[in-house]
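Keeping their order, the protein sequence lines are chains A, B and C. Going by my numbering, 68 is the number at position 68 of the first sequence; the sequence numbering is gapless. Going by my numbering, 204 is the number at position 204 of the second sequence; the sequence numbering is gapless. Going by my numbering, 43 is the number at position 43 of the third sequence; the sequence numbering is gapless.
Hints listed in this document are in silico derivations from the structure and should not be mistaken for laboratory results. Source: prediction; values computed, not measured. Wrong hints could be hidden among the right ones.
[Claimed, not checked] Beta-carbon label-pair distances, calculated as ranges:
no. : chain 1 : residue 1 : chain 2 : residue 2 : range
1   : C       : T17       : A       : V299      : 27 to 33 Å
2   : C       : P33       : B       : P242      : 31 to 37 Å
3   : A       : K312      : C       : F8        : 20 to 26 Å
4   : A       : T283      : B       : D75       : 55 to 61 Å
5   : C       : T18       : A       : A108      : 26 to 32 Å
[To be verified] A few chain C residues that don't get close to chain A, going by computed Cβ distances all over 12 Å:
no. : residue
6   : R27
7   : D32
8   : E63
9   : P68
10  : A71
A virtual CB, placed ideally from N, CA and C, is assigned to each residue, including glycine.
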Amino acid sequence: MATRLKQDDPRELALQERIKAGFKLEDETEMTPRYRDVLVNTMHIAADLEVMTLPDYSPAIKNSPNLEAKIAVASACQDELGHAQVMYRLLEDFGYDTHQFLFEREAAEFRTFQLLEFPHRDYIETVVSMCIGDRAGYITTTDLEDNCSFGPYARSLRKVNFEETFHVGHGERWTRFFWNQSPASRQRVQEAFDFYFPLAAAWFGVPDSMKKRTDQLAYKIRGASNDEMRQKWLTQVVPFCEELGIRIPARFDEETGKFRLDYEPPVYLDEEKRVWHFDRRITWEEQFAIWKRGSVFKVPAIRRLQLEVWGKELW
Amino acid sequence: MTTATTSDLAPAVASLLQDDLLAVADTKLVLGNWYTECVMNGRSLPDFATLLGMCTASFGQTRAIYRYLTNFGHDFGALERGRDAGAIRSMELLDEAPVGWEDFLAAVWLGELASWMLLSGFLHNPDRQLAGLAKKVGQESYFHLKYTDGWMRIIGEGAAERATFLRMVEKRLPFALRWFGPAEAADPLHTAGQRDMPIGKIREAFLREIGKAASLVGAPLPTARPASFETSWRPDARRHGPIPAGLWEVVRFKDQELAF
Amino acid sequence: MTENEKRFDRKRERGGTTPRYYEVFARKSSADPLTHVGSVEAPNDDLAQVRAWFVYDQHAWKEMCVVPTDAIVTVTEHGKSAKIKMN
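Let the hints inform the model, and build the full structure from the sequences given.
Structure below.
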């Protein structure tokens, strides 16, 4: 094992300079230990997130109202699991054993985001998640495709992003449809936004002002900061919601010329009732602990992939 | 060149043709639900995507056949959501939930193969739309059957797994065979020029295909006994009675007020 | 209750003690070059074909084939760990 280099080690700085000048890495032998850590860490989280879509989205296949909807969810899920395969395959070149990682790892060790830790109960939750959650994912993966200094990862994301555009488009189209279908379906769309909007806004992580480590940017693993990506997401989501009349806790701020959230994260989520208490701020330490612990569904959802369930348990 | 259409058919022939197509469509609907229910039992990361792909394709095939049936005056929404458990015509083979991975593969293999064999009888149907539909399903079935082929190879390499698999095939095969109906000499759909060959021949071809799997599994496959039929046999549905309540609960569309 | 930990036979299910890979190549139309589109793990050719088909289904490919990664001999990448890379 190579000695860990500090970020200000001359070799690390030299690599950062080359990357800044447009150098793309193609192979592990070109990496410094720190670069490798940051890259692998980024790909690892992305791969775990893709896997999490199976237990998160697939219950909606069963609960869909018709064939069209079943096909849409199953096909989106198929895409996501294909993306997981692409990403874990890249990780295997860095010594990861996908099989061991998927089937033998402690479920609590999976590095997922809260957005994907509440299995969808019905098709409306799925389309709203596609509309705002897949969109958040798409913003991060297109940033990686456009900027990532590790060539194989950037290239592998072409397929991923190509398919994600369909999910976002599907989510937007059917959110619009259910918003207009009936008062009851409109109410359900609103409820789904009430719950999922803050989860999706949190996808981009802590505000830039809190972020001490900027290795991802220094090594150009990605190009945009957390706040920049969140702003990009708000730029798309807020006008869409305003056009339809969907109420969300965010708006355009004339003073700053930017979109902003109406609340200051982190705030308390009553997971059981799925209600956000925007006036009840929690500390970042508490928020990190909540993220680390995962929702009450996280471990059982991942465990389901590691277990076999047959016979009378199925039907 | 003119193409025959459904409106040219004698009512009795049209009715038999619809029966067969609905039996395939409903079987695919149930197969799609099998994949949905079992995907998380998948045994490798690429298999998750593969099983979901087979799930998507199965539902797509159901949708395509229901759409085709609208040519006979059926309402798509009524076919899709307007029928109860008693009206669903899926293969009896798929009634009982799989008890393990080998059983899952045995059932899916037999279900995919039998439904494809039946539909392959329409590959040269005078209605080019139906022939095209059969061809499309065939292209997809090729991959579904390749999946079970690949797994049969793996199973064939383990003595215990092979024994389990053969036992499950033995249990499921009579139901698959029964799907082709009683062995009658005449097949009115063949006589009317709608089916490329008599259904008895298709059943024989199905059994030959089963036999060929011996080279994958590394052991002879169980031979099927002649199928038995009770008085509750529904020739139009190719099954006895309604699908079980538990399976219906899985298959029925939920949240129907959202349907579009 | 039939709910158990999945148990695997790595040798049979993965084609050996280490995973066995296939590289996937495809073209969209006769005018397009056959391009490397990705990689799948499979213990036999049948599963490699079908897994490739369902994982890399982003286009209605006119042609797709898989090659065991072991069979690939690199020309320019001598001494490097990655034998073949995305696209």
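Hints versus structure:
1. C:T17 <-> A:V299: 27 to 33 Å: holds, 30 Å
2. C:P33 <-> B:P242: 31 to 37 Å: Violated, since P33 (chain C) and P242 (chain B) (Cβ atoms, about 54 Å apart) do not stay within the stated range.
3. A:K312 <-> C:F8: 20 to 26 Å: About 24 Å separates the Cβ atoms of K312 (chain A) and F8 (chain C), which means 20 to 26 Å holds.
4. A:T283 <-> B:D75: 55 to 61 Å: With Cβ atoms ~58 Å apart, the hint holds.
5. C:T18 <-> A:A108: 26 to 32 Å: holds, 27 Å
6. R27: About 15 Å separates R27 (chain C) from the closest Cβ of chain A, which puts it past 12 Å; holds.
7. D32: holds, 15 Å
8. E63: Its Cβ never comes within 12 Å of chain A, the nearest being 17 Å, so this holds.
9. P68: Correct as stated: the minimum Cβ-Cβ distance to chain A is 15 Å, above 12 Å.
10. A71: Non-interface label on A71 (chain C) holds, nearest chain A Cβ at 18 Å vs cutoff 12 Å.
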